[in-house]
Amino acid sequence: MGGIYVVSAAMGLGLLCVGCYILATGKIPGDRVTGPAQVRRLGVAYVLLSGFFLTQVVGYLGVRLDLWSPRVRSLLILAAFALAAIAAVKINPLRSLTTFRRRPADGSTDHRR
Numbered sequence: 001m002g003g004i005y006v007v008s009a010a011m012g013l014g015l016l017c018v019g020c021y022i023l024a025t026g027k028i029p030g031d032r033v034t035g036p037a038q039v040r041r042l043g044v045a046y047v048l049l050s051g052f053f054l055t056q057v058v059g060y061l062g063v064r065l066d067l068w069s070p071r072v073r074s075l076l077i078l079a080a081f082a083l084a085a086i087a088a089v090k091i092n093p094l095r096s097l098t099t100f101r102r103r104p105a106d107g108s109t110d111h112r113r
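The working numbering puts the sequence shown at residues 1 to 113.
Hints are supplied without guarantee of correctness; some may be wrong.
To be verified - In silico SDA-like links for lysine to any residue, alpha-carbon gap of 25 Å or less:
(1) K90 x P70
(2) K90 x V58
(3) K90 x R71
(4) K90 x A37
(5) K27 x M11
(6) K90 x A79
(7) K90 x A24
(8) K90 x G30
(9) K90 x P29
(10) K90 x G2
(11) K90 x G3
These aren't lab readings, by the way, just hints derived from the structure by calculation. The structure presented is a predicted model; accordingly, all values stated were derived computationally and were not measured.
Using the sequences provided together with the hints, build the complete structure.
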């Protein structure tokens, strides 16, 4: 299992570097997104995704080195998934917010999609 956490740590550090680069320069590699609000939102999402991977690695290492109990690791994993959920909403907020639309009271469906 140690190899998986080495790869996770490398991915987390890579995402952290990309997110910090985006936030510091205001530019995205590839220039797909040009609006400043979108650039900032994407930079924050990359930092949050790096937190997802790095929190799991810290939890694993803490238990492995007897720094804390497996319960603390479980709480860290829950926090990591919360970070990933927030990052998913940051990356694509419109899809995340419009997926769970209410149906009209009369039971008809919305055909505007």
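Find the hints from earlier in the document that the structure breaks and name them by number, from lowest to highest. 1, 3, 10, 11
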